[in-house]
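There are 2 protein chains.
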Amino acid sequence: MNTLSAIKAKYSELADQQLDLDLTRGQPSNEQFDLSNGLLECLDKNDYRDATGLDCRNYPGPIDGLVEARELFAPVLDVRPELMIVANTSSLDLMSRVLNLFCLIGTADRTRAWFEDRPIKFIACCPGYDRHFSLCESLGIEIVPVPFPRDGEAMSEIEKTVKGDRSIKGMWIVPKYSNPGGETLTAEVVEALATMESAAKDFRIFADNAYAVHDLYEQQETLAPMMEIFERHGSEDRLIMFGSTAKITFSAGGLSFMAASERNKKFLLSLFSKQTISWNKLEQLRHVRFLQGYPGGINGLMQQHAKLLRPKFQAVESILSSQLDDSVASWSRPLGGYFISVNTRPGLAKSVVALASNIGVKLTPAGATYPKGRDPDDCNIRLAPTRPALRDVEIATEVLAVCIRLASLNASS
Amino acid sequence: MNTLSAIKAKYSELADQQLDLDLTRGQPSNEQFDLSNGLLECLDKNDYRDATGLDCRNYPGPIDGLVEARELFAPVLDVRPELMIVANTSSLDLMSRVLNLFCLIGTADRTRAWFEDRPIKFIACCPGYDRHFSLCESLGIEIVPVPFPRDGEAMSEIEKTVKGDRSIKGMWIVPKYSNPGGETLTAEVVEALATMESAAKDFRIFADNAYAVHDLYEQQETLAPMMEIFERHGSEDRLIMFGSTAKITFSAGGLSFMAASERNKKFLLSLFSKQTISWNKLEQLRHVRFLQGYPGGINGLMQQHAKLLRPKFQAVESILSSQLDDSVASWSRPLGGYFISVNTRPGLAKSVVALASNIGVKLTPAGATYPKGRDPDDCNIRLAPTRPALRDVEIATEVLAVCIRLASLNASS
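Protein chains in written order, with the working numbering: chain E, 1 to 413; chain P, 1001 to 1413.
It cannot be assumed that every hint is accurate.
[Stated by the list, open to error] Each computed SDA-like pair below joins lysine to any residue, with the alpha-carbon atoms no more than 25 Å apart:
no., chain 1, residue 1, chain 2, residue 2
1, P, K1274, E, R80
2, E, K274, P, K1008
3, P, K1307, E, N46
4, P, K1008, P, D1325
5, P, K1010, P, S1029
6, P, K1266, P, Q1018
7, E, K45, P, D1047
8, E, K274, P, P1365
9, P, K1201, P, L1271
10, P, K1274, E, N46
11, P, K1010, P, K1307
[What the hints assert, rightly or not] Calculated Cβ distances over 10 Å to all of chain E for the following chain P residues:
no., residue
12, L1104
13, K1121
14, E1142
15, K1160
16, T1195
None of these hints come from the bench; they were simulated from the model.
Here the structure is a predicted model, which means the values were calculated and not measured.
By construction, the Cβ of each residue, glycine as well, lies at the ideal position given by its N, Cα and C atoms.
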């Protein structure tokens, strides 16, 4: 029996198991959510005031969020609490809010509304986060893909693009444990982002620090203090950082937050205060109570998350490395975040995903990590091993490995 | 002693009391918030799923809100649950979201972005809600004041304006217990709004039904079923309704919701789903649990609010009618809502507010109920008697009456 027949036999065997597994989205597991169930019970009918005595049930209060909430989340973005804004659920929503205002009104530079300069573009690291792309695309903003700037070479492409095209108004970046590559910006690259020349004078970097405290191991990657570095170079107005508790507490009952330079924050608050009288301050107070009270605080909670997630990431690594060699695939070995990024040989990702789907294993659609869902090399597959049970992650990864081998053999035969 | 001396003596006497009272903003009192303190305790660590079994902690779920939440709030806006969207805290924020999208992308007609047609305008009933004005003004949208359409005559001015000016893209209206006049649209006026000709084909009415269930007495005003009437005339795409629990449960920990035609809703959801993955579904579930469990539901709760509010509104009415006659002031006698609208003789509102402020009673700045804070007749003063204690409302109203008499006498002397 040749290799192809053996793999085909293995594939049929897996098909016979009538699997129904889903590795598509980066969602926490129920066990992870259970860690924060105390959040549902940590206020009571006598507890609705923050440390300053503010009644969180009523409208008045700081439009940049409760003081305690800003202090709590400032270390997550590694900034001074004075630069923080804590808002409602969904950091994507907060990014959308800022983007819309820039399009409608312009930045703190008050030059002109971005939409006056249409067509406009954003650069984004690809493979990247599909929701960054679709948010821009819904507004008619073109995404220009660039590689994740892991070194000077990748930065030179970004520098050339940003310097050479005035229509490039912004950049998406997931600076730590990037989606899906799991990479973290080095201090040198942060310096380069802070100092590079931009043709658009109102160029802005949207740093979606979604995995800021989402380490899997004791050995962590450390993101350089981005805001501090930008401040040192006087380019702090270029950087806006975002984060959320969507993967700390609850995905659909958490908080979003952001950090901006004093000037950007003042400008944005002047507009936010036209849009809303108050965020959900009780949800902010709830998070303050729960996270301050958790043993070890946010870091203590994230260590519990890591305990649940580590075996799943290790299982994927172990299965892929035992079954695939360099000639058919490469993949990331992230120290944190929510994804493993797999690259097949060029032109095979779609067929691998289809092969897996045919036998009951849903993977993120090939191409999803690229603008408009088109991976020019058709090679990237994003694995999201966080939500399924460990055993299901193992089976799904077995299936993936078999499908990659099968597609590779099919292609060579 | 002549009348002027007597009033001056009374004013000095009040001044001697060193008052510090605030009737400026339409906020519930602490006793009203206390009615909903159960909301802080109504979920627990085993209760995070809705009636369909959906885990409200995780991302997935309907982007128009929990089914139960849509069913709960549909009667508030008097529409079918299928037309509802339930979102996060702050209906102003939801209005801003829709307005921004219309400006950036256009309406469901998909003709073109409103900003392509700049300069654009909204009509708004004046006196009206300052935050409607400032939201528009922050986007460079001019507010064209019109009278509240209490009858055919007022409608004819609106009809002429909307028909005659293509730059008028929208209209603000508080259809029930309007802010500040306390007026409610009649069925005939709703018909006229549904059938009037608009020069802008993508004209939209933003109906901010903030006081939909905020009756003060058994005897209520009934708003005609707006969406049904618009549907009957095939103009349902013209109407978007908004509401919130800001003055039902908590002002800074409630929910916002809206109702839109099937076509508008589909269009808006396609864009909302680019902005956020999920609203705060746990806050929605919390409200479902609390309001479904409240004796008599939302209406039962609103009757408890009315019990607390009624004496305050009655005190204002009683003091004003005993101390002021038609020659110096007129005022509204609302059956619901949060405000009493007082009109002085033309040109006196600012001095009345200043006189009151000088002796420690803060009133909403004269002019605040008009775009850019400029009341052309300088006669309207908005009273917000809901938050202060009854005794303080009484004293503040005494002060107001004395200040109106003093300003009127000063003006005639």
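Going down the list of hints, with the structure as the test:
Restraint check for K1274/P and R80/E: the C-alpha separation of about 30 Å exceeds 25 Å, so the hint is violated. With a CA separation close to 40 Å, the supplied pair K274/E and K1008/P exceeds the 25 Å bound. Taken as a hint, the K1307/P and N46/E pair is honoured in the structure, with Cα atoms around 23 Å apart against an allowance of 25 Å. For the suggested pair K1008/P and D1325/P, the alpha carbons sit about 18 Å apart, so the restraint of at most 25 Å is met.
Between K1010/P and S1029/P the alpha-carbon distance is near 29 Å, which puts this suggested pair outside the 25 Å criterion. Taking the CA atoms of K1266/P and Q1018/P, the gap is about 57 Å. The hint is violated against a cut of 25 Å. For the hint pairing K45/E with D1047/P, the CA-to-CA distance comes to about 18 Å; that is within 25 Å, so the pair holds. Straight-line distance between C-alpha atoms of K274/E and P1365/P comes to about 18 Å, which keeps the hinted pair within the 25 Å bound.
Proposed proximity of K1201/P and L1271/P is supported: the alpha carbons are some 21 Å apart, at most 25 Å. With a C-alpha separation of about 38 Å, the suggested pairing of K1274/P with N46/E is violated against the 25 Å cut-off. A threshold of 25 Å between alpha carbons decides the hint, and for K1010/P with K1307/P the separation of about 32 Å lies outside it, so the pair is violated. Against the 10 Å criterion, L1104/P falls within the reach of chain E, whose nearest CB is about 6 Å from its own CB.
The beta carbon of K1121/P sits about 16 Å from the closest Cβ of chain E, which is more than 10 Å, so the claim that it is off the interface holds. At the 10 Å boundary, the C-beta of E1142/P stays outside the reach of chain E, the nearest C-beta of that chain being 15 Å off. Annotated as non-interface, K1160/P keeps its C-beta farther than 10 Å from every C-beta of chain E; the closest such distance is 30 Å. In this structure T1195/P is separated from chain E by more than 10 Å, as the shortest Cβ-Cβ distance comes to about 32 Å.
Of the numbered hints listed earlier, those contradicted by the structure are 1, 2, 5, 6, 10, 11 and 12.
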